[in-house]
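S.K.: As a plain string of letters, each chain reads:
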Amino acid sequence: MSDETKPGLKSPLRRKLLMGMAALPAVSMLGRPAFADVPATSAVNTTGLAVTDSEVTVGILHSVTGTMAISETGSVEAEKLAIEQINAAGGVLGRKIKFIQEDGASDWPTFAEKAKKLLVNDKCAAVMGCWTSASRKAVLPVFEQYNGMLYYPTFYEGLEQSKNVIYTGQEATQQIIAGLDWVNKTKGAKSFYLLGSDYIWPRTSNKIARKHIENHLQGCKVVGEEYFPLGSTQFNSVINKIKLTKPDVIYAIIVGGSNVAFYKQLKAAGIDLSKQTLLTISVTEDEIDGIGGENIAGAYACMKYFQSLDNPNNKTFVPAFKKMWGEKTVIGDVTQAAYLGPWLWKLTVEKAQSFDIDKIAAASPGVEFKGAPEGYVRIHENHHLWSKTRVGRAKADGQYELIYETADLVEPDPFPKGYQ
Amino acid sequence: MINSRFFNRSELLGFLALAVLLFLILPLSLDIFRLNLVAKYLTYAFVGIGLVLCWGYGGILSLGQGVFFGLGGYCMAMYLKLEASSVANTKIQSTPGIPDFMDWNQLTSLPFFWKPFHSFPITLLAILLVPAFFALIIGAAMFKRRVGGVYFAIITQAIAAILTILIVGQQGYTGGINGITDLRTLHGWDIRTDHAKFILYFVEVVLLFGCIVAAQFIRLTKLGRILVAMREQEDRVRFSGYSVANFKIFAFCAAAVFAAIGGAMFTLEVGFMSPSFVGIVPSIEMVIYTAVGGRMSIFGAVWGALLVNFAKTSLSESFPQLWLFGLGALFIAVVLAFANGLSGIWADHVQPRIDRLLASRKSKSAAGMIADGAPAE
Numbered sequence: 010m011s012d013e014t015k016p017g018l019k020s021p022l023r024r025k026l027l028m029g030m031a032a033l034p035a036v037s038m039l040g041r042p043a044f045a046d047v048p049a050t051s052a053v054n055t056t057g058l059a060v061t062d063s064e065v066t067v068g069i070l071h072s073v074t075g076t077m078a079i080s081e082t083g084s085v086e087a088e089k090l091a092i093e094q095i096n097a098a099g100g101v102l103g104r105k106i107k108f109i110q111e112d113g114a115s116d117w118p119t120f121a122e123k124a125k126k127l128l129v130n131d132k133c134a135a136v137m138g139c140w141t142s143a144s145r146k147a148v149l150p151v152f153e154q155y156n157g158m159l160y161y162p163t164f165y166e167g168l169e170q171s172k173n174v175i176y177t178g179q180e181a182t183q184q185i186i187a188g189l190d191w192v193n194k195t196k197g198a199k200s201f202y203l204l205g206s207d208y209i210w211p212r213t214s215n216k217i218a219r220k221h222i223e224n225h226l227q228g229c230k231v232v233g234e235e236y237f238p239l240g241s242t243q244f245n246s247v248i249n250k251i252k253l254t255k256p257d258v259i260y261a262i263i264v265g266g267s268n269v270a271f272y273k274q275l276k277a278a279g280i281d282l283s284k285q286t287l288l289t290i291s292v293t294e295d296e297i298d299g300i301g302g303e304n305i306a307g308a309y310a311c312m313k314y315f316q317s318l319d320n321p322n323n324k325t326f327v328p329a330f331k332k333m334w335g336e337k338t339v340i341g342d343v344t345q346a347a348y349l350g351p352w353l354w355k356l357t358v359e360k361a362q363s364f365d366i367d368k369i370a371a372a373s374p375g376v377e378f379k380g381a382p383e384g385y386v387r388i389h390e391n392h393h394l395w396s397k398t399r400v401g402r403a404k405a406d407g408q409y410e411l412i413y414e415t416a417d418l419v420e421p422d423p424f425p426k427g428y429q
Numbered sequence: 187m188i189n190s191r192f193f194n195r196s197e198l199l200g201f202l203a204l205a206v207l208l209f210l211i212l213p214l215s216l217d218i219f220r221l222n223l224v225a226k227y228l229t230y231a232f233v234g235i236g237l238v239l240c241w242g243y244g245g246i247l248s249l250g251q252g253v254f255f256g257l258g259g260y261c262m263a264m265y266l267k268l269e270a271s272s273v274a275n276t277k278i279q280s281t282p283g284i285p286d287f288m289d290w291n292q293l294t295s296l297p298f299f300w301k302p303f304h305s306f307p308i309t310l311l312a313i314l315l316v317p318a319f320f321a322l323i324i325g326a327a328m329f330k331r332r333v334g335g336v337y338f339a340i341i342t343q344a345i346a347a348i349l350t351i352l353i354v355g356q357q358g359y360t361g362g363i364n365g366i367t368d369l370r371t372l373h374g375w376d377i378r379t380d381h382a383k384f385i386l387y388f389v390e391v392v393l394l395f396g397c398i399v400a401a402q403f404i405r406l407t408k409l410g411r412i413l414v415a416m417r418e419q420e421d422r423v424r425f426s427g428y429s430v431a432n433f434k435i436f437a438f439c440a441a442a443v444f445a446a447i448g449g450a451m452f453t454l455e456v457g458f459m460s461p462s463f464v465g466i467v468p469s470i471e472m473v474i475y476t477a478v479g480g481r482m483s484i485f486g487a488v489w490g491a492l493l494v495n496f497a498k499t500s501l502s503e504s505f506p507q508l509w510l511f512g513l514g515a516l517f518i519a520v521v522l523a524f525a526n527g528l529s530g531i532w533a534d535h536v537q538p539r540i541d542r543l544l545a546s547r548k549s550k551s552a553a554g555m556i557a558d559g560a561p562a563e
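Protein chains in written order, with this note's numbering: chain P, 10 to 429; chain R, 187 to 563.
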């Protein structure tokens, strides 16, 4: 929408109201004059980014049309909320954030085209964006060539590390290993049936899961591994096989609309998730919205964030999000990770005292965000986040109940040795 | 009416206008980012030219041109990917030296059909021959059995769907839904730099004009007139002793080759290839470009591809959430109001005026010659 790409031009009043509402936690900082300690633009921006004395431009690049729009909308909303809150708290180095939103249209070359536009034409100081691995793969060469900075929110398969990307979601080992250990220890699970949609993320994740099960868990084995085309709705044959092999754990990495068919057919086939352990790493609160809480109640999910987390940060984040985007919205793992993007960027810029991409890239390792809804996070040398792994159990009301969380932050390891 | 000249006057005007635009105006006025976008739009113009021949003149509506666009693009992408996957670049993999997606999919050696793509000349040949051969098989299977019209359109659409599913499903061999990404050099020449993009643009425009001339040549030969005759009265042509099927196969193959050249250029310009250009939706979009430009006009197809894609980019930049509706409305408006597309508008409204202008200029200059020595106005 045009009024969102040029914030402040059309309805300053509405914007101010929103800013005020979203910034309740930061109200105390509002009174401070913002320009008191503003460093000169020439000092903080030596490479010609879109930074003025009062404003800095960032890009938001997600699909708001096409098949991915359902998933990516939450990320856009979270990023806008974070930007509003940062602005209400005085901006970044005394500059208000202005954002330019582009639509990737669920189409990978469009993502590449728009990324180029944001970097080359608009000189964005940072871009929050992408969701699928395919879109990230498409924009990665663009960010590396034109030296941009991308904050990428989705949990993904790893096997990637770039100076020009900060991965605010989990890479595969962070999401998989702790969950498998937990299910092995507490449920005594010995046999696993691996399922997935047929593309890189589920395949790589299951590869890591299989190596971990076979090499690191005593006496455990994989009894089946199967893949389904994206959008597939026929799961009856695999459900029959599951009934025959009776695995201790169904390990499911099915994505998107296929989930609805899978969990409904599982229920219809008489597999009761309160008795059969099912562990998924692909169903967040957003997906449950489509699946229906009653169809998936009892399943376990391994994530780093659940909307129901009980900590002070999350207790201010969830109401602020709902106030801005409506009472009915749900917040999944990726939405929370997207919310981290603008904040981490702000903290990094302030640490580096510069908007220059090279300086941000160098300053990123070690940046800590104590206000994250998931709890404390820190950026690793490899540009991924240290974060906890959590296991939740789905309830019929569409929320997860936290069952287990790792004691310490889990180190991100995008190129895990012995798992390739 | 048979015109003995290669281009009649209005065609020559169109040819020159396009040449001035593509060779001079756009490169001089646009920055490299926008010029690269134009280059991307123009890759669809290749498909459009093929469709003008096969659909506009031959009456064979193919809703599966994405297949050939994709085949050409994938052939080029396979060559570039192999070059980017040198052992030095892929040290972190379990099996260095093969493309990264093969490694993710637990392949340990290069599949046999990838091997020829180590060679650049073979790749160039494959870009032209693979789609042509594929079109030949489809064409022979369909046209020899006298399958035509709507049935043919549906079958081409089905083929587009099948190929997409095949590419997505066999991701170890094709890169799956991600496509073939991270392409870097062409024969050692980095295609990602601005300078390279500038050169590639001109290479593409030259190729485009080559295709325009080739299409015009086909149109003007006896073959072109048989195509039109077939479209109007297929049986009469058949009873006159012509093998209708062979002519149709030829038109279809020619369109496939044009599309494949476009696809190969697309891979070079954009830097990757994915199944999202092969399926039903892109195939239909390509037909829309041609329809908007005017399916009877070779130049119209080029303009259609340029303008529709330009509208797509600018609408989506200004209205990220509403642009698809705007684009849809544009299509409906053009097709409802101007059945012959942009070239129809040109021929009906603009061309007569130019003719009149030229005519009056001619009489004026004639008058000027009489009043010899009079000062110029």
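Since the hints were made in silico from the structure, they are not lab data.
Any given hint could turn out to be false.
[What the hints assert, rightly or not] From the derived model, a few chain R residues whose C-beta atoms are all more than 12 Å from chain P:
| no. | residue |
| --- | --- |
| 1 | PHE298 |
| 2 | LEU369 |
| 3 | ASP380 |
| 4 | LYS408 |
[What the hints assert, rightly or not] Which chain P residues face chain R? A few, computed with CB under 7 Å, are given here:
| no. | residue |
| --- | --- |
| 5 | THR76 |
| 6 | GLN110 |
| 7 | PRO118 |
| 8 | VAL129 |
| 9 | ILE209 |
| 10 | VAL269 |
Just so you know, even glycine gets a beta-carbon here, dropped at the ideal spot from N, CA and C.
S.K.: Hint by hint, note whether the structure agrees.
M.R.: Cross-check of the supplied hints:
1. PHE298: Answer for R:PHE298: holds, closest chain P Cβ roughly 23 Å.
2. LEU369: violated, 8 Å
3. ASP380: violated, 9 Å
4. LYS408: holds, 41 Å
5. THR76: Violated - the Cβ of P:THR76 stays beyond 7 Å from chain R, reaching only about 11 Å at its closest.
6. GLN110: holds, 5 Å
7. PRO118: Where the cut-off is 7 Å and the nearest Cβ of chain R is about 6 Å from P:PRO118, the hint holds.
8. VAL129: Constraint on P:VAL129 satisfied, holds at 4 Å.
9. ILE209: This interface hint holds because 6 Å falls under the 7 Å limit.
10. VAL269: This interface hint is violated because 20 Å lies over the 7 Å limit.
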